[in-house]
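Q: Add chain B to chain H, keeping to what the hints say.
So the protein sequences, as listed, match chains H and B. Note that this note's numbering has the first sequence beginning at 1, numbered continuously upward. Note that this note's numbering has the second sequence beginning at 495, numbered continuously upward.
Please keep in mind that the hints were generated in silico from the structure rather than gathered at the bench. None of the values given here were measured: they were computed from a predicted structure. Worth double-checking, as some hints may not be accurate.
Using C-beta positions, here's what the derived DEER-type ranges look like [what the hints assert, rightly or not]:
#1 B:R894 x H:R90: 23 to 31 Å
#2 B:D576 x H:P357: 31 to 39 Å
#3 H:R139 x B:E826: 41 to 49 Å
#4 B:G784 x H:G248: 38 to 46 Å
#5 B:P676 x H:R154: 16 to 24 Å
#6 B:S974 x H:S228: 52 to 60 Å
#7 H:A487 x B:G546: 47 to 55 Å
#8 H:A437 x B:R719: 43 to 51 Å
#9 H:G270 x B:G581: 55 to 63 Å
#10 B:G758 x H:R154: 53 to 61 Å
#11 H:R467 x B:E575: 52 to 60 Å
#12 H:A25 x B:R887: 21 to 29 Å
Idealized CB from N, CA, C, for every residue including glycine.
Protein chains: 2
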Amino acid sequence: MPRSKDVPSDRSIPSGSDFLQLDAADAPAGGLSDWLAQRLRLAIADGRLAVGDRLPATRTLAGELRVSRGVVTEAYQRLIEDGHAAGRGRAGTVVVAAPVTAPAPAPVRTRTADAPPGAVFTAEPGADVFDAVRAAPARIDLSPGTPDLASFPRTAWLRAERRVLGTLAATGLGYGDPRGTPELRRAVAKWLARNRGIAAGPDEVLIVNGTAQTLGLLAQVLRGRGVSAVAVEDPGSLGARQHLRYWGMRTPPVPVDADGIRVGELRDSGAPAVVVTPAHQFPTGVVLGGGRRRELMRWATDTGGLIVEDDYDAEHRYDRPPVPALRAMLPEHVCYAGSVSKLLAPALRTGWVLAPPELHGALVDAKRFTDLGSAALPQLVLADLMESGELERRLRQLRRRHRARRDAMIRAVDTHLPGAAVQGAAAGLHLTVTFDAGFADTDLAAAALAHGVKAHPVSWHRQRCGRPGLVLGYAASTVSGIEEGVAVIGKVLA
Amino acid sequence: MPRSKDVPSDRSIPSGSDFLQLDAADAPAGGLSDWLAQRLRLAIADGRLAVGDRLPATRTLAGELRVSRGVVTEAYQRLIEDGHAAGRGRAGTVVVAAPVTAPAPAPVRTRTADAPPGAVFTAEPGADVFDAVRAAPARIDLSPGTPDLASFPRTAWLRAERRVLGTLAATGLGYGDPRGTPELRRAVAKWLARNRGIAAGPDEVLIVNGTAQTLGLLAQVLRGRGVSAVAVEDPGSLGARQHLRYWGMRTPPVPVDADGIRVGELRDSGAPAVVVTPAHQFPTGVVLGGGRRRELMRWATDTGGLIVEDDYDAEHRYDRPPVPALRAMLPEHVCYAGSVSKLLAPALRTGWVLAPPELHGALVDAKRFTDLGSAALPQLVLADLMESGELERRLRQLRRRHRARRDAMIRAVDTHLPGAAVQGAAAGLHLTVTFDAGFADTDLAAAALAHGVKAHPVSWHRQRCGRPGLVLGYAASTVSGIEEGVAVIGKVLA
Numbered sequence: 001m002p003r004s005k006d007v008p009s010d011r012s013i014p015s016g017s018d019f020l021q022l023d024a025a026d027a028p029a030g031g032l033s034d035w036l037a038q039r040l041r042l043a044i045a046d047g048r049l050a051v052g053d054r055l056p057a058t059r060t061l062a063g064e065l066r067v068s069r070g071v072v073t074e075a076y077q078r079l080i081e082d083g084h085a086a087g088r089g090r091a092g093t094v095v096v097a098a099p100v101t102a103p104a105p106a107p108v109r110t111r112t113a114d115a116p117p118g119a120v121f122t123a124e125p126g127a128d129v130f131d132a133v134r135a136a137p138a139r140i141d142l143s144p145g146t147p148d149l150a151s152f153p154r155t156a157w158l159r160a161e162r163r164v165l166g167t168l169a170a171t172g173l174g175y176g177d178p179r180g181t182p183e184l185r186r187a188v189a190k191w192l193a194r195n196r197g198i199a200a201g202p203d204e205v206l207i208v209n210g211t212a213q214t215l216g217l218l219a220q221v222l223r224g225r226g227v228s229a230v231a232v233e234d235p236g237s238l239g240a241r242q243h244l245r246y247w248g249m250r251t252p253p254v255p256v257d258a259d260g261i262r263v264g265e266l267r268d269s270g271a272p273a274v275v276v277t278p279a280h281q282f283p284t285g286v287v288l289g290g291g292r293r294r295e296l297m298r299w300a301t302d303t304g305g306l307i308v309e310d311d312y313d314a315e316h317r318y319d320r321p322p323v324p325a326l327r328a329m330l331p332e333h334v335c336y337a338g339s340v341s342k343l344l345a346p347a348l349r350t351g352w353v354l355a356p357p358e359l360h361g362a363l364v365d366a367k368r369f370t371d372l373g374s375a376a377l378p379q380l381v382l383a384d385l386m387e388s389g390e391l392e393r394r395l396r397q398l399r400r401r402h403r404a405r406r407d408a409m410i411r412a413v414d415t416h417l418p419g420a421a422v423q424g425a426a427a428g429l430h431l432t433v434t435f436d437a438g439f440a441d442t443d444l445a446a447a448a449l450a451h452g453v454k455a456h457p458v459s460w461h462r463q464r465c466g467r468p469g470l471v472l473g474y475a476a477s478t479v480s481g482i483e484e485g486v487a488v489i490g491k492v493l494a
Numbered sequence: 495m496p497r498s499k500d501v502p503s504d505r506s507i508p509s510g511s512d513f514l515q516l517d518a519a520d521a522p523a524g525g526l527s528d529w530l531a532q533r534l535r536l537a538i539a540d541g542r543l544a545v546g547d548r549l550p551a552t553r554t555l556a557g558e559l560r561v562s563r564g565v566v567t568e569a570y571q572r573l574i575e576d577g578h579a580a581g582r583g584r585a586g587t588v589v590v591a592a593p594v595t596a597p598a599p600a601p602v603r604t605r606t607a608d609a610p611p612g613a614v615f616t617a618e619p620g621a622d623v624f625d626a627v628r629a630a631p632a633r634i635d636l637s638p639g640t641p642d643l644a645s646f647p648r649t650a651w652l653r654a655e656r657r658v659l660g661t662l663a664a665t666g667l668g669y670g671d672p673r674g675t676p677e678l679r680r681a682v683a684k685w686l687a688r689n690r691g692i693a694a695g696p697d698e699v700l701i702v703n704g705t706a707q708t709l710g711l712l713a714q715v716l717r718g719r720g721v722s723a724v725a726v727e728d729p730g731s732l733g734a735r736q737h738l739r740y741w742g743m744r745t746p747p748v749p750v751d752a753d754g755i756r757v758g759e760l761r762d763s764g765a766p767a768v769v770v771t772p773a774h775q776f777p778t779g780v781v782l783g784g785g786r787r788r789e790l791m792r793w794a795t796d797t798g799g800l801i802v803e804d805d806y807d808a809e810h811r812y813d814r815p816p817v818p819a820l821r822a823m824l825p826e827h828v829c830y831a832g833s834v835s836k837l838l839a840p841a842l843r844t845g846w847v848l849a850p851p852e853l854h855g856a857l858v859d860a861k862r863f864t865d866l867g868s869a870a871l872p873q874l875v876l877a878d879l880m881e882s883g884e885l886e887r888r889l890r891q892l893r894r895r896h897r898a899r900r901d902a903m904i905r906a907v908d909t910h911l912p913g914a915a916v917q918g919a920a921a922g923l924h925l926t927v928t929f930d931a932g933f934a935d936t937d938l939a940a941a942a943l944a945h946g947v948k949a950h951p952v953s954w955h956r957q958r959c960g961r962p963g964l965v966l967g968y969a970a971s972t973v974s975g976i977e978e979g980v981a982v983i984g985k986v987l988a
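Chain H with its partners taken away, still in its complex shape (with noise of 0.2 Å):
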């Protein structure tokens, strides 16, 4: 019966530790102790043990390298007489001698992230231009792009994921279906259903880590079909645009006035995808009219157009009744994309994309092959939420709060930005403001930054030129952080 080498009889003997990946077989004869305190010294002088790290418990390690328990002891011993180590009774043996001779990190370097402060919004926006923002130092952060972070509900979180691990089956935790589990899917129908008129099934629901993913996914789903170029509306989302063209896209732009994109001169662009933000567009925050959602419908049956709707923030809206999903109107045509960003925060990464019938099983390819899908318990968990209707009240939570935060931050702009001109304020989470002035936004953006306030340069979010502004966030921010960064930004504006 042919069996290969390593198939272990009852007298295989392992040894060897993973911890310094140590094994006595390298030992020289009867030096065992000499030989341990000398690699464990090499580790803490090469970095691989640091300050503060404890050391195996000595019956552990002694077992693992199969060596009497006094070899390890003298060990250590000798690193608490040299100074390496010291005692810490029950805490065991613990590192205290900084490194002789630290590794030196491989210099990592991104490409605004070291500029001088005000450089972040002057200079050309690289790819990491909002890892640039978000790490320059600020007092009053009005970036627009992220709820009231502060009332994240904690304790409802940790409650349902307490219900999901008690009720969760051990196979729930392999790995899964790259579209989401069933779970998520489910609530996430649901929610759509009741909250934006979508009636879809579970099975349409694609589970991703955020609309990022939700453009990136796409993007590849298209420029396999040959697609080069996805129009996107101007003023529009940078962030969206630098995603678009990280997957090869052209991001040709069209216009928006008061009513939203104009879908003429969509048409001109001869582009055969477009994405959109119809219930508050970012940045101007206006609602696709009546007229044009129409006409925007009819340009993508007459020209099997695929829309792109980028619903980022539809649930918060306070003066205006709300805008259903274009999805609900036109299944086949538009490609629906929501989150929780808005919602609970940008750093859950989770979100969830319904495509056109068509796209659906290249884009469940696109996410297998990019991830395998998404994490397992956060979809628990947020399904549980959707379902205990502790997403709902999280909403009305919020739309109360950011209410107080936007009227103020309005009361603000009245007294500090007289000149200024608002948009979008009936729904979302930033307002924008423009200037009649001739002056270059990013140069305000930067002033106001040295001056300790953080706010987007309209002019960021635009490929055409166009007045001068600011988009300022409201739902992160307290009253008083509010209207001192609008002061501020007043201030340096005169």
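A: Same frame as chain H, but now just chain B:
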């Protein structure tokens, strides 16, 4: 002072509800309750409201619609009277009638999932082959690649999550560093130093959604540099090959013998990169021998070749000393990929990659434009488990459990598959049995499945012909399941 029309004044009156996008302005004069009842019936009929769904509290909905509470109460009452809904006391009003005309869900078909059980193995493996295998019903699952999921440390996970949520700053819930949280990058750097002999700083670590994502990101970056082929071990993982091919790479096969990959043939292939599993080759389980390690490193330095080290289950070893990672020797040429899929659970979708310095920035960009970085909470929980020593405890516990199962499988193979050669039993989560006879192992796998036992045919993981066999995972099954599963395979074979 120019102002756009949507700036609210104090008199602005929000109205309308997200719930079904109801707006009382749509109601005919004097018929509010009728209108509301009718809208609810419609939503039940078209599936937007399902049986078991709770209607909003009357007070909430009345407030949102700016109608008197009596209007909503009356509408609900009508639904209760005509059998659509039922009052449930404190639980409110709940939908009880099945929808009259449910919308036909769009048919979503995968390519192998609908095939009869056996065809899962006998058909050419498609993109969704692992989904299909997972979906195929079976009494005993000996698929490789999954650790013991029943012992997932649920309590420790929840405790760590409570600690994380108790201390996390609100900004930690916003958009974050695409490389991963500093906490997890630090913890992984320590873990790798301690357990895999790799000295690397946290800035060299990139957190990803598992090794599948690593392969995709890397293939994107390499393709951008004109690389169109990544050599793979043969036999070698079908999954890894599928991922590389999806991302546009050819995968020239390089034979594996008892010492691991044959470097001479890698050199002959001319491929500028290779994916290897040096610590425990998949699926054969051989360890890359010392001479071969040196040869492989020489290949990399001579040719500027890239070694992708998939360290998928290096921590799981039973009868042999640990093998240090190639990355520890040659950081400029080795891209190291690890994950918690075999240590905790694949469903966590969390892993890490240490790229050669010159690829690092491009990989970070690829990660950013894939999903803006992995979700933060699971990263922070994992960091806590690593720093607290919980993960090392888990590993020790897993090793004991897996060893007992491995031993049971070897005994069962001895008894029921006396003609089989066993490979790779000294470490890992699976072993491989091969047979001298000339039959198709896909037929064997299909027949076993028909008798309720799942295992992978070795030929799936081969590009060139070889002896038929099965890859048998033991880590996720009980001892009695293993015994019965192997007995069934023995019967099928006889």
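Q: Decide, hint by hint, whether the structure agrees.
A: Structure-based check of each hint:
1. The given range of 23 to 31 Å is respected by R894 (chain B) and R90 (chain H), whose C-beta atoms sit roughly 24 Å from each other.
2. Evaluation of the 31 to 39 Å hint for D576 (chain B) and P357 (chain H) yields a pass: the beta carbon distance comes to about 34 Å.
3. Range check, R139 (chain H) to E826 (chain B): about 42 Å between beta-carbon atoms, so the 41 to 49 Å window is met.
4. The supplied range of 38 to 46 Å is met by G784 (chain B) and G248 (chain H), whose beta-carbon atoms lie about 44 Å from each other.
5. Taken as a hint, the range 16 to 24 Å holds for the pair P676 (chain B) and R154 (chain H), whose Cβ atoms sit roughly 21 Å apart.
6. S974 (chain B) and S228 (chain H) have their C-beta atoms about 58 Å apart, which keeps the hinted 52 to 60 Å range intact.
7. For the pair A487 (chain H) and G546 (chain B), the beta carbons lie near 51 Å from each other, so the given range of 47 to 55 Å is met.
8. A C-beta distance of roughly 46 Å is found between A437 (chain H) and R719 (chain B), which places it inside the suggested range of 43 to 51 Å.
9. In this structure the hint that G270 (chain H) and G581 (chain B) lie 55 to 63 Å apart at CB holds, the actual value being about 57 Å.
10. Between G758 (chain B) and R154 (chain H) the beta carbons are some 58 Å apart, a value that agrees with the proposed interval 53 to 61 Å.
11. Under the hint 52 to 60 Å, the C-beta atoms of R467 (chain H) and E575 (chain B), about 58 Å apart, fit the expected range.
12. Checked against the hint of 21 to 29 Å, the C-beta distance between A25 (chain H) and R887 (chain B) comes to roughly 26 Å, which is consistent with it.
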